[in-house]
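Position 52 (the sequence shown) corresponds to 52 in this note's numbering; numbering is contiguous.
Please note: incorrect hints may appear among the correct ones.
[Claimed, not checked] Here are the computed lysine-lysine pairs in the DSS-like style, where the Cα-Cα straight-line distance is at most 27 Å:
no. : residue 1 : residue 2
1   : Lys10     : Lys33
2   : Lys33     : Lys65
3   : Lys105    : Lys33
[To be verified] Label-pair ranges, simulated between beta-carbon atoms:
no. : residue 1 : residue 2 : range
4   : Tyr153    : Arg98     : 31 to 41 Å
5   : Asp131    : Asp24     : 31 to 41 Å
6   : Asp130    : Arg63     : 33 to 43 Å
7   : Glu81     : Gln25     : 37 to 47 Å
8   : Glu81     : Arg21     : 31 to 41 Å
9   : Asn151    : Leu40     : 14 to 24 Å
10  : Phe41     : Ala138    : 29 to 39 Å
Everything labelled a hint here was simulated from the structure, so no lab data went into it. It should be emphasised that the depicted structure is a prediction, and the values quoted were computed from it without experimental measurement. Cβ coordinates follow ideal geometry from the N, Cα and C atoms, glycine included.
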Amino acid sequence: MAENKAVKPKLNLSVQYADTRLQDQLTRPLIRKTVQAALLFPAEITLRIVDAEEGQQLNRDYRGKDYATNVLTFAYTEDEEAEVTQADIILCTDVLLREAAEQNKTVIAHAQHLIVHGVLHAQGYDHLDDDEADEMEALEAEMLATLGIANPYQEQ
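When you get a sec, could you build the whole thing from the sequences and use the hints?
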């Protein structure tokens with residue numbers, strides 16, 4: 001008897017390139033594939049790619065931290081009863097490029113890691129304590145492996 005592949009959760013995805021530097025590399029189909037790999041539930045997600053100025057402003061205005069960070073997730077459905085996960089995920093090009101260079105990773109592999117990380121946050125995962133961090137990192141590694149990306153938490 002043939003095995004059935006797991007049905008992917010429904011995804012309504014909007015991609016916004018406020019910063020267009022990675023638009024040719026980080027394409028909409030690649031972003032969709034990456035988000036889909038991290039989905040556990042149906043979702044409506046907007047992924048916005050921004051420069052350091054916008055990233056810093058969002059981080060300052062909504063988290064009280066006055067610097068640009070690699071990924072921000074604004075989850076709107078924290079309720080476990082919600083049928084659809086709704087979130088905005090912000091990727092900051094400047095931080096992504098710097099980190100990829102510092103970590104000797106390709107820009108695309110690092111971007112995919114950050115997208116998976118952001119999507120997991122949107123679905124209620126966090127890393128506030130060691131147990132949560134271990135669970136989230138293990139999930140990220142598993143999901144990234146399906147995309148052919150090495151575990152970002154292991155030394156290569």
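Here is how each hint holds up against the structure:
1. Lys10 <-> Lys33: Holds, at roughly 12 Å.
2. Lys33 <-> Lys65: violated, 31 Å
3. Lys105 <-> Lys33: It holds: about 19 Å lies between the C-alpha atoms, which stays within 27 Å.
4. Tyr153 <-> Arg98: 31 to 41 Å: violated, 19 Å
5. Asp131 <-> Asp24: 31 to 41 Å: holds, 40 Å
6. Asp130 <-> Arg63: 33 to 43 Å: violated, 22 Å
7. Glu81 <-> Gln25: 37 to 47 Å: Roughly 38 Å apart at Cβ, these two residues keep to the hinted range, so it holds.
8. Glu81 <-> Arg21: 31 to 41 Å: holds, 40 Å
9. Asn151 <-> Leu40: 14 to 24 Å: At 19 Å between Cβs, range holds.
10. Phe41 <-> Ala138: 29 to 39 Å: At 19 Å between Cβs, range violated.
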